[in-house]
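Colleague: Here is how the chains run, residue by residue.
Number of protein chains: 2
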Amino acid sequence: MPFLESKMRAVRKLLVLTELLFVSTISLAFSSPNDAYPTGYGDEPGSCVGASDDLRPLRREVYEDGQIFDITHQFNPNTPMGDSDEGIGQFLTLLSSMKNGSDYNFSELRLGVHAGTHVDAPGHMYEEYFDAGFDVDSLDLRVLNGPALLVDVPRDKNLTADAMQSLHIPKGVKRVLFRTLNTDRRLMWKKAFDTSYVGFMKDGAQWLVDNTDIKLVGIDYLSVAAFDDLLPAHHVFLKSREIILVEGLKLDDIEAGLYTVHCLPLRLLGAEGSPIRCILIK
Amino acid sequence: MPFLESKMRAVRKLLVLTELLFVSTISLAFSSPNDAYPTGYGDEPGSCVGASDDLRPLRREVYEDGQIFDITHQFNPNTPMGDSDEGIGQFLTLLSSMKNGSDYNFSELRLGVHAGTHVDAPGHMYEEYFDAGFDVDSLDLRVLNGPALLVDVPRDKNLTADAMQSLHIPKGVKRVLFRTLNTDRRLMWKKAFDTSYVGFMKDGAQWLVDNTDIKLVGIDYLSVAAFDDLLPAHHVFLKSREIILVEGLKLDDIEAGLYTVHCLPLRLLGAEGSPIRCILIK
Numbered sequence: 001m002p003f004l005e006s007k008m009r010a011v012r013k014l015l016v017l018t019e020l021l022f023v024s025t026i027s028l029a030f031s032s033p034n035d036a037y038p039t040g041y042g043d044e045p046g047s048c049v050g051a052s053d054d055l056r057p058l059r060r061e062v063y064e065d066g067q068i069f070d071i072t073h074q075f076n077p078n079t080p081m082g083d084s085d086e087g088i089g090q091f092l093t094l095l096s097s098m099k100n101g102s103d104y105n106f107s108e109l110r111l112g113v114h115a116g117t118h119v120d121a122p123g124h125m126y127e128e129y130f131d132a133g134f135d136v137d138s139l140d141l142r143v144l145n146g147p148a149l150l151v152d153v154p155r156d157k158n159l160t161a162d163a164m165q166s167l168h169i170p171k172g173v174k175r176v177l178f179r180t181l182n183t184d185r186r187l188m189w190k191k192a193f194d195t196s197y198v199g200f201m202k203d204g205a206q207w208l209v210d211n212t213d214i215k216l217v218g219i220d221y222l223s224v225a226a227f228d229d230l231l232p233a234h235h236v237f238l239k240s241r242e243i244i245l246v247e248g249l250k251l252d253d254i255e256a257g258l259y260t261v262h263c264l265p266l267r268l269l270g271a272e273g274s275p276i277r278c279i280l281i282k
Numbered sequence: 001m002p003f004l005e006s007k008m009r010a011v012r013k014l015l016v017l018t019e020l021l022f023v024s025t026i027s028l029a030f031s032s033p034n035d036a037y038p039t040g041y042g043d044e045p046g047s048c049v050g051a052s053d054d055l056r057p058l059r060r061e062v063y064e065d066g067q068i069f070d071i072t073h074q075f076n077p078n079t080p081m082g083d084s085d086e087g088i089g090q091f092l093t094l095l096s097s098m099k100n101g102s103d104y105n106f107s108e109l110r111l112g113v114h115a116g117t118h119v120d121a122p123g124h125m126y127e128e129y130f131d132a133g134f135d136v137d138s139l140d141l142r143v144l145n146g147p148a149l150l151v152d153v154p155r156d157k158n159l160t161a162d163a164m165q166s167l168h169i170p171k172g173v174k175r176v177l178f179r180t181l182n183t184d185r186r187l188m189w190k191k192a193f194d195t196s197y198v199g200f201m202k203d204g205a206q207w208l209v210d211n212t213d214i215k216l217v218g219i220d221y222l223s224v225a226a227f228d229d230l231l232p233a234h235h236v237f238l239k240s241r242e243i244i245l246v247e248g249l250k251l252d253d254i255e256a257g258l259y260t261v262h263c264l265p266l267r268l269l270g271a272e273g274s275p276i277r278c279i280l281i282k
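These protein sequence lines are chains A and B, in that order. Using my numbering, you'd call the opening residue of the first sequence number 1 and step up by one each time. Using my numbering, you'd call the opening residue of the second sequence number 1 and step up by one each time.
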């Protein structure tokens, strides 16, 4: 099916319209300066001006005054992982190296699927779902992409039913990213797993399931569930196999409010979790 | 910053508007039935009706008549990887298993970063860029997200300057996914690396760089570059560090035309490539 001239003219029109709509929506919707949203890995724009000329990469987490926000933590040796004091350690091995005469560099990745920013599939905590194949490849892309609310959980409360009720999350809202004390404490920047993180108690999870339409729950540490309710709160969320849990999100320095979220896990057959890249578009 | 009632009322309004716009845009824009776009992994909707009730996951690659298309190949032991006859083999290890008394399942992923559907960073084939840190974490999310054209390359031509010229890609188009004979031959479903794939010759790559505004090049086998021009064609694309190469895309059974692409690699510090999840939204 070669592309015909006439098709291309129609496509060109559509394209111009789409790009215009895209750009104007973005610039109207958001006006905060980059400075308000510094990155967390020591690669702030100010420290890297002219980076390309100096052969230094510019690591960005906020694009063009809030067009795109990267809400994913970088994987590096200090990236935390549940039950580990040492973080993920060496997660890359250079199998073919140009320094050793290879034509190209080629690395192998080795990573716990619940390290850093990641997604849980139903098989993570339900053995019958694991056996039946409810892996990350079976997660619903319609849930992982669409309008999402970033909300602040009152810092003086745990993620209980009471705290959830106080947020007044409207019916119809399908995706909520919960920012908590974990963000203030920068727990995701500490390589040792910290069991004092804030997470859902069983009753908080149950309240959401019973009283809202939420299908995507995002949280700012490695587990949606508080350490004391690790199993019960996970079980409440995962039981229906309709709720997707995204853990370890980087939610600092972004205004609470409505965005479009895109959270894309790897298509790993048989895996009960996956590292994920998540972005917000304003 | 607890969420206030007044804020929530405003957000609720916005949300309803956004969801309405989202849904109506999608349903207007596309009307093809699911049947036209079967999946490739033996999990067609027809074979899995009532899947949830039978405790069988429904693997989807097309959502609601073309709302979202998954253009990513699944990682399974037969997923192909460059220079291997055996595919990726065992890529998951269950470190903690509920069958063995653990409270949850927890797997480790082990994967070549250029296996299956993946992205190349400038450090893949330029040693100075590798040393300077131009890894997948430095790739521009603005390039990886936005309007994209899916085009069919004439099947009787290699990806030469001549073939590229014949496509009449308009100026302003930043992202193009090239569907080739590789898709017809279903090369990505063969676990052994097949050097007879179609890819860019050096002059085809150079023509695109010189005559178009393309910043994202997508292709339907493991390498954008033909085997005979493996290094030169990669070098042409990667030299400016502005063009992102997405390889191993699953482009079968989707109409050529304009979509919004979201391609999200992992944030792997120091990696010259990354497995990636890519979707098209109509």
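Mixed in with the good hints, there may be bad ones.
It does not matter which identical chain is used: a pair holds within one copy or between any two.
[Stated by the list, open to error] Straight line, CA to CA, 25 angstroms or less: simulated PhoX-like cross-link-like pairs of lysine-lysine: (1) Lys99 x Lys239; (2) Lys190 x Lys157; (3) Lys215 x Lys171; (4) Lys174 x Lys282; (5) Lys157 x Lys99; (6) Lys239 x Lys190; (7) Lys99 x Lys282.
Hints listed in this document are in silico derivations from the structure and should not be mistaken for laboratory results.
Colleague: Hints numbered earlier in the text: which of these fail when held up against the supplied structure?
Modeller: 5, 6, 7
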